[in-house]
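Below, each chain spelled out in residue letters.
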Amino acid sequence: MPTTYLEAIREGLWEEMERDPDVFLIGEDIGVYGGAFKVTAGFIEHFGARRVVDTPISESGIVGAAIGAGLMGLRPVAEMQFADFISCGFDQIVNFAAKCRYRWNAAVPMVVRAPSGGGIHGGPFHSQNPEMWFVKTPGLKVICPATAYDAKGLIKSAVRDNDPVIFFEHKALYRRIKEDLPAEEFTVPIGKARVARQGRDLSIITYGAMVWVALEAAETLAAEGIEVEVIDLRTLLPLDRDTVCESVKKTAKVLLLHEDTRTAGMAGELAITITETVFEHLDAPIVRVTAPDTPVPFSPPLEEAFLPNAAKVIEKARWLHRY
Amino acid sequence: MPTTYLEAIREGLWEEMERDPDVFLIGEDIGVYGGAFKVTAGFIEHFGARRVVDTPISESGIVGAAIGAGLMGLRPVAEMQFADFISCGFDQIVNFAAKCRYRWNAAVPMVVRAPSGGGIHGGPFHSQNPEMWFVKTPGLKVICPATAYDAKGLIKSAVRDNDPVIFFEHKALYRRIKEDLPAEEFTVPIGKARVARQGRDLSIITYGAMVWVALEAAETLAAEGIEVEVIDLRTLLPLDRDTVCESVKKTAKVLLLHEDTRTAGMAGELAITITETVFEHLDAPIVRVTAPDTPVPFSPPLEEAFLPNAAKVIEKARWLHRY
Amino acid sequence: MSIAPTCPSQSQRGSDESAAEAGLARRCLYYMSLMRETEDRIERKLYRQGKILGGVYVGRGQEAIPVGSALHALPADVLLPSHRDMAVFFIRGIPLGRIFAQYMGRMGGLTNGRDGNMHMGDMSAGIGIVSIISALAATVPVAAGVALALQYRGTNAVAFSYFGDGSTSRGDWHEGVNMATVLKLPVVYLCNNNQYAYSTPLSGQMACANVADRGPAYGMPAEIVDGNDVLAVYEATARAVAHARSGLGPYLLECKTFRMTGHSAHDAAEYVPAALFEQWAKRDPIVRLEQKMIDHGWDDRAGLDALHAQVRQEVDAAVAWADERPYPDPATLLGGVYDGE
Amino acid sequence: MSIAPTCPSQSQRGSDESAAEAGLARRCLYYMSLMRETEDRIERKLYRQGKILGGVYVGRGQEAIPVGSALHALPADVLLPSHRDMAVFFIRGIPLGRIFAQYMGRMGGLTNGRDGNMHMGDMSAGIGIVSIISALAATVPVAAGVALALQYRGTNAVAFSYFGDGSTSRGDWHEGVNMATVLKLPVVYLCNNNQYAYSTPLSGQMACANVADRGPAYGMPAEIVDGNDVLAVYEATARAVAHARSGLGPYLLECKTFRMTGHSAHDAAEYVPAALFEQWAKRDPIVRLEQKMIDHGWDDRAGLDALHAQVRQEVDAAVAWADERPYPDPATLLGGVYDGE
Ligand SMILES: Cc1ncc(C[n+]2csc(CCOP(=O)(O)OP(=O)(O)O)c2C)c(N)n1
Ligand SMILES: Cc1ncc(C[n+]2csc(CCOP(=O)(O)OP(=O)(O)O)c2C)c(N)n1
Ligand SMILES: [Mg+2]
Ligand SMILES: [Mg+2]
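Protein chains in written order, with my numbering: chain A, 1 to 323; chain B, 1 to 323; chain C, 1 to 341; chain D, 1 to 341.
Simulated from the structure, these hints should not be mistaken for lab results.
Heads up, some of the hints might be wrong.
Pairs of lysine-lysine residues, derived as DSBU-like cross-links and limited to a Cα-Cα distance of at most 35 Å, are as follows [to be verified]: (1) D:Lys282 with B:Lys316; (2) D:Lys45 with B:Lys178; (3) B:Lys192 with B:Lys316; (4) B:Lys38 with A:Lys316; (5) B:Lys312 with A:Lys250; (6) B:Lys38 with A:Lys249; (7) D:Lys282 with D:Lys292; (8) B:Lys250 with A:Lys249; (9) B:Lys249 with B:Lys192; (10) C:Lys51 with A:Lys316; (11) C:Lys45 with C:Lys292; (12) B:Lys312 with B:Lys250; (13) B:Lys316 with A:Lys192; (14) A:Lys178 with C:Lys45; (15) C:Lys51 with A:Lys178; (16) B:Lys38 with D:Lys282; (17) B:Lys249 with B:Lys38; (18) C:Lys282 with C:Lys45; (19) B:Lys38 with D:Lys45; (20) B:Lys192 with B:Lys250.
Please take these sequences and the hints and turn them into a complete structure.
Encoded structure:
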């Protein structure tokens, strides 16, 4: 029976809670209701209200409480109902959680789960990809899984990590992506990218839902004889610069792809990493396919035009290949 | 009599308040006390408490109130006591102010002034450079002046702008940078970079306090026969991509410099802009000199090691020149 | 042939008052009915037909709150409705068709498809509605700024700041209310306490019994009103507005009500005890007002039925109009992030 | 030769109590004196000598609050002091020299130069102090999390959450207190109401008269205590801690006091009416406690002078020690952002 991306996260959380009595969940409507997306459905029945803590509507309070519990050696997993609301708990994340270890050597093991991304007609406040605010903040780790396997393996690693982790779950993948998962326990290491598809002609470096767009584009391009390598970053911070640069050395051409808006997106950090490290291997401009610099629009035709898709990737990839 | 950077901002605000009765100030301790840095000293005496509004300690409240007043057609200038506290008003800025116009065509003229930057022994919470969070947010404008002239000209433009502007004032420049300003009124356009020094051998692209570091390095390098062009971005969003690319076309070598920490800093957006636009003009890797990925440390030897300086720039520039 | 008395006799005054009351009741009923019918169409028809996508939140059972309050808004006043205050838009004159177009993501909606559902506003003179963003209570500090501007300009206009019980848990609510009370700004706070915030009952949001118990923390008068009695809301709002308008600062009205639906169209609200729905169904604000109108002889069943029929016709026409609006052209995706684009 | 009575006689109990009170008073005086002397050295000497850079905030005149409260902390309790609660560190056993090293940016300070002034903490067993960050009230939600963990582990330990009057304006304060009251967490809130927040008087922070007026908004008991009477603070904290420890949820103590300095070392506080300083100088908590000790015959002038002399010696030694600590090696800049680096 294939496991969905959502179910994979659920299983990962469940296993970690079974394994370690110090792991607990905190957030809005996660208990009796099981969470806005039902990721934690059934948890309160099994683990009890002590370990599945429903809170008032207070994102800063939730993150702050997770920090406090983390400082005490517990392993809180906080849920933001939508990633868009993480900006309401922003100061606690970027100033409190991120800086404790460096400043006074205090560990803040804590995971903030944040359902992110568009494609579900959520409009400007239920569709955002706020990962770069956190990639910009030393002291945090930032994870954006694309597959059910990685979602499960990485949420487990995140729970076990001794530093604060922001875990972005792409809402459009929740029920769309399924795969058979190993029966035995596994984790996926934080900070390691994955070669999602091997190729020699050009590298598409991406993460999250866009991995699937890249793979779809790669299929079409393969039929045209263009062999695309797809790198799924999996973790944005710490960034697996080695895997990125290895791929560039191999293909010499780079297309950076993200669902996030254009300016100051992940493409920038990748581009500077590549030019400062493997510039001489580049045979063409580094190009990017991204959402444009607007809020995420609501109406289906606008949202469709907003989101990167295989057609846009293919067009740019062809150009790059010809270059 | 030369005017300091701080005094230039003060003058700019004063002139705009004289010119337009809809301009008013809002923030903590800005009235009787004149602001933590005394930028608004004397304002309440001249303009009255109606136009210089002291508030409770509520950054989200301050930004929200500025948005409300802006929506009503006033021109609020909100002060964050330190840029570090802007993360406490984050949601209001990135989700409310930034998105009103796109969503429902509502103008939010508003300036948020934020004293930023290190070099004053302020430690992790009084030294940050949080510009990238806002460069990442479509709908905002982000300004980082380096000179007294620009500080005055840009604060005036910011006040007149019909969109929300985040105005970073570098604290280390407040009283250190002085110049003679024109007696007649002037403004500086938002979104236009400035060639701070002409050069043919390599381009240093930077902004804020680092402009002075770049110029200092350029002096030394000139003595060695290396002619550095220094681009002062002045505005980070919208980014003056043309001026950046023109300089690269001329020099073919690029050093990106920012006081902000390394990963996901402005260097990234500049690098991707350059490689996607003028890749063929590049003769060397794009390199960057930045603060490392840590909080800003307090103790003088650590802070000194943390901040980019002319020596670090010179070393990288020499390498780039030799390349 | 008689000269109209300059001073009405006792009984005349009574009948004038009664006529005024009857007229008010009829206006209230009209707007409540329009809200009910509009939201039913949205939630129970267009959403299920797939003509409306995304999140849909309605104010079924809570109509008395936006209606009883917003009727006090003068043209210069500004309103910041929550996601359950649809009637505010009607009362401020937004054409119904535009609302349906908004929900359907069409051109002609208040955001021309850029945003959906209640995420709409219009700062035109005489309308003055600030669009919510999703982050709950984010409009509360904004209301302080609106009120500051009204005061700055020397008007006696007020800001109407609407929110739910759960929203009072947010830091923004606290910062906004605190600032408004410290600066004595003209804000009327209208809390719909519908006893749930998504799946969370009131006791999961606050350890005090009433939202009104929070007034004293800000030195602010706070009053509890039956939020399912539109005339009671109307009267209480009159007091609140008079207070704010006369420069005495903010005033909090807690309107006790109940959310007669799930949190949103996809939520079956199984976590709400069925008995609560039954109990509150008996207090339906529309039914209660109708009963009162009949009891007072302000109208009869036929008259009320005619009103509802008229409302249904308006809604039919508006839906038809909206459904003919085109989707936005993808070419319009980019403009308007900044002024002059 | 007599067998010690199992139950002390009336007069013996009296004299035992008196001895206990005298002992408590002496401990209080010691810590208050140590705090005063330490902060004087920091603000009036080391800062002016340029040996301390950056912002310096002291709790002069407010010493009774951290002392009278933190003496109730059991080893498993956790404290989250504000920037004016220096004595908390002494009471939890942090060596004085380390505090000076912290202020001077030296190795051996609690952050080895990475952070300055009161931005220090130590989660070791029996110490349990969470470092503030600058953002005011940010520790208030964190205190809720600490208390949640204490409860989660089944202990009856409590969290001590300290803040100033102005900090209660922040959204974080509201969210943290609200969550703790809803979840009935063991938190004791200790507000030092020193009547100013930077240059802003209380009336510019809140429209209610007392911080304690905010208790009912959270269904939380709140009590006002003379914050310049260390024994009063001690007694009141006993009540507050007993409440929290027995599972009844949070308790708020508002300690009325006055900030006898500028906001920070560079602030001359010209905005504070001189009369207020004069008036409050008469209520100095150290002088008052000394008077009480003498009045009760718990000690005499010579004994008190000896105590202060001892404190000065300790401070001298600690400063000397700290001043010999090296600055951090710039090579240590990078490590420790993440675990295992
Ligand atoms: C900051 C934030 N957190 C969470 C949500 C998700 N959410 C939307 S409505 C809602 C419940 C709101 O409750 P209440 O304020 O009582 O309003 P009601 O829906 O009951 O009218 C929640 C949790 C949100 N929109 N914003
Ligand atoms: C979020 C935030 N805003 C502003 C400041 C700047 N600031 C530091 S202390 C202070 C006043 C604090 O007042 P209060 O809470 O009463 O504490 P006190 O200093 O009087 O003890 C201010 C405004 C800050 N540190 N954090
Ligand atoms: Mg509710
Ligand atoms: Mg104070």
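Okay, the hints, checked on the actual structure:
For the hint linking Lys282 (chain D) to Lys316 (chain B), the alpha-carbon distance of about 62 Å lies beyond 35 Å, and the restraint is violated. For the hint linking Lys45 (chain D) to Lys178 (chain B), the alpha-carbon distance of about 32 Å falls within 35 Å, and the restraint holds. Note on Lys192 (chain B) and Lys316 (chain B): the hinted pairing holds, with a Cα-Cα distance of about 27 Å set against a maximum of 35 Å. Annotation: proposed proximity of Lys38 (chain B) to Lys316 (chain A) is violated, straight-line Cα distance about 52 Å (limit 35 Å).
Restraint check: the Cα-Cα separation between Lys312 (chain B) and Lys250 (chain A) comes to about 32 Å, which is no more than 35 Å; the hinted pair holds. For the suggested pair Lys38 (chain B) and Lys249 (chain A), the alpha carbons sit about 54 Å apart, so the restraint of at most 35 Å is broken. A distance of roughly 14 Å separates the Cα atoms of Lys282 (chain D) and Lys292 (chain D); the hinted pair therefore holds under the 35 Å criterion. At roughly 28 Å between alpha-carbon atoms, Lys250 (chain B) and Lys249 (chain A) fall within 35 Å of each other, so this suggested pair holds.
Proximity of Lys249 (chain B) to Lys192 (chain B) is assessed by CA-CA distance (about 18 Å); at most 35 Å being required, the pair is judged to hold. With a C-alpha separation of about 34 Å, the suggested pairing of Lys51 (chain C) with Lys316 (chain A) holds against the 35 Å cut-off. This hinted pair checks out: Lys45 (chain C) and Lys292 (chain C) have alpha carbons roughly 30 Å apart, not beyond 35 Å. At roughly 23 Å between alpha-carbon atoms, Lys312 (chain B) and Lys250 (chain B) fall within 35 Å of each other, so this suggested pair holds.
Proposed proximity of Lys316 (chain B) and Lys192 (chain A) is supported: the alpha carbons are some 29 Å apart, at most 35 Å. At most 35 Å may separate the alpha-carbon atoms for a hinted pair to count; Lys178 (chain A) and Lys45 (chain C) meet this at roughly 32 Å. This hinted pair checks out: Lys51 (chain C) and Lys178 (chain A) have alpha carbons roughly 28 Å apart, not beyond 35 Å. In summary, the hint linking Lys38 (chain B) to Lys282 (chain D) is supported, as the alpha carbons are separated by about 32 Å, within the 35 Å threshold.
Distance hint between Lys249 (chain B) and Lys38 (chain B) is unfulfilled; the C-alpha atoms sit about 43 Å from each other, more than 35 Å. A hinted pair counts as satisfied when its Cα atoms are at most 35 Å apart, and Lys282 (chain C) with Lys45 (chain C) qualifies at roughly 24 Å. Taking the CA atoms of Lys38 (chain B) and Lys45 (chain D), the gap is about 25 Å. The hint holds against a cut of 35 Å. Using a Cα cut-off of 35 Å, the hinted pair Lys192 (chain B) and Lys250 (chain B) holds, with the two alpha carbons roughly 18 Å apart.
Consistency with the previously given hints fails for numbers 1, 4, 6 and 17, ordered from lowest to highest.
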